[in-house]
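Protein chains: 2
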Amino acid sequence: MTMTKACRRFITPFLRVLALGATATATAVMAMSHESTSVLNLTLEAKYSNTPAFRYFMIAEAIAGSYSILALLLSCKGLLSHLVLMMDMVISMLLCSSISAALAIAQVGKKGITHAGWAPICGQVPKFCDEVTGALIVGFIASALYLLLVLSSLHFPVSSLPMTTKP
Amino acid sequence: MTMTKACRRFITPFLRVLALGATATATAVMAMSHESTSVLNLTLEAKYSNTPAFRYFMIAEAIAGSYSILALLLSCKGLLSHLVLMMDMVISMLLCSSISAALAIAQVGKKGITHAGWAPICGQVPKFCDEVTGALIVGFIASALYLLLVLSSLHFPVSSLPMTTKP
Numbered sequence: 001m002t003m004t005k006a007c008r009r010f011i012t013p014f015l016r017v018l019a020l021g022a023t024a025t026a027t028a029v030m031a032m033s034h035e036s037t038s039v040l041n042l043t044l045e046a047k048y049s050n051t052p053a054f055r056y057f058m059i060a061e062a063i064a065g066s067y068s069i070l071a072l073l074l075s076c077k078g079l080l081s082h083l084v085l086m087m088d089m090v091i092s093m094l095l096c097s098s099i100s101a102a103l104a105i106a107q108v109g110k111k112g113i114t115h116a117g118w119a120p121i122c123g124q125v126p127k128f129c130d131e132v133t134g135a136l137i138v139g140f141i142a143s144a145l146y147l148l149l150v151l152s153s154l155h156f157p158v159s160s161l162p163m164t165t166k167p
Numbered sequence: 001m002t003m004t005k006a007c008r009r010f011i012t013p014f015l016r017v018l019a020l021g022a023t024a025t026a027t028a029v030m031a032m033s034h035e036s037t038s039v040l041n042l043t044l045e046a047k048y049s050n051t052p053a054f055r056y057f058m059i060a061e062a063i064a065g066s067y068s069i070l071a072l073l074l075s076c077k078g079l080l081s082h083l084v085l086m087m088d089m090v091i092s093m094l095l096c097s098s099i100s101a102a103l104a105i106a107q108v109g110k111k112g113i114t115h116a117g118w119a120p121i122c123g124q125v126p127k128f129c130d131e132v133t134g135a136l137i138v139g140f141i142a143s144a145l146y147l148l149l150v151l152s153s154l155h156f157p158v159s160s161l162p163m164t165t166k167p
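Taken in sequence, the protein lines are chains A and B. Residue numbers for the first sequence follow full-length UniProt numbering, so the first one is 1 and each next one is one higher. Residue numbers for the second sequence follow full-length UniProt numbering, so the first one is 1 and each next one is one higher.
Do not take every clue at face value.
Treat identical chains as interchangeable: a pair holds within one or across any two.
[What the hints assert, rightly or not] In silico lysine-lysine, DSSO-like type, Cα no more than 27 Å apart, as pairs:
no.: 1; residue 1: K127; residue 2: K47
no.: 2; residue 1: K77; residue 2: K110
no.: 3; residue 1: K111; residue 2: K127
no.: 4; residue 1: K47; residue 2: K110
no.: 5; residue 1: K111; residue 2: K47
no.: 6; residue 1: K47; residue 2: K77
Keep in mind the hints are simulated off the structure, nothing from the lab.
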């Protein structure tokens, strides 16, 4: 069995299952991130849905998770391999984009931007910050797995498989 | 001449020149974005270098611009086409990531996040906000051009060119 075939048959599905696990975990952790705190008799509630970037992150991870299942089914049957590669590319861009947006906001939450008058909030809601950090780490792993999937597809191209080789 | 050859010879270099123009413009506009404003005798200075996400955006655009020149030279000589495709992919991820991070921060600058106590700042520094918006739009165009480059390379794969076809 050639390296290309081994990659297509075992490594790619294995990466997809890992990516499915990572995206599902990131979605769940972000969705459940939540902390309430009291400041001068006011109850402040920190949750992901208050921040557009975190909402985007959760939706992107959920889409990538659903797509992972679909791609697993399609690649099991050897269908539409060219379309799957292009979709892999789009999904990895989506993951990369959402994690970057969420990371930018999380960084402001941790360090603040003094010039804009935005104070860090992780001192007030440390549990929420830890949960978001966890979701971002798992999201980063999912993003890296998708990058690996695309790069491996480019390195062992679809067109080198017998089923799609032109006569 | 086949569609694949036409794509390789004319469309791809044309897209690269456009991407070079877009990344160079985005870098320059972001680098020159600047506004000073006075609030209660205090002079506040808004510039891109105060915000990590905007610094990241500028560096990513500059890297993509430099890479565009290198890729133009390499693809003119028909060298390393496989490596160029993989690098295109990495650069488009970098552009996508940087624009998402910058966009997330720009959105907070425009709308604020009341739950975190981060007030919008575009009312105080409208010129700076317009300049950043301009840089982001051009950066978005650069990112779209790179996505188009990668998708066109995937659609008209390198392996379908005579020079790289296996015997």
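Hint check results:
Taking CA atoms no more than 27 Å apart as the test, K127 paired with K47 passes inside one copy only; the shortest distance there is 11 Å, against 33 Å between copies. In the homo-oligomer, the alpha carbons of K77 and K110 never lie at most 27 Å apart, since the shortest distance is 46 Å inside one protomer and 48 Å across protomers. Taking the shortest alpha-carbon separations for K111 and K127, both the intra-copy value of 16 Å and the inter-copy value of 26 Å come in at or below 27 Å. Taking the shortest alpha-carbon separations for K47 and K110, both the intra-copy value of 15 Å and the inter-copy value of 21 Å come in at or below 27 Å.
For the identical chains of this complex, K111 and K47 are neighbours both inside a copy (18 Å) and across copies (18 Å), given an alpha-carbon limit of 27 Å. For the homomeric pair K47 and K77, neither the shortest alpha-carbon distance inside one copy (41 Å) nor that between copies (53 Å) is at most 27 Å.
The structure fails to meet hints 2 and 6 from the earlier list, while all remaining hints are met.
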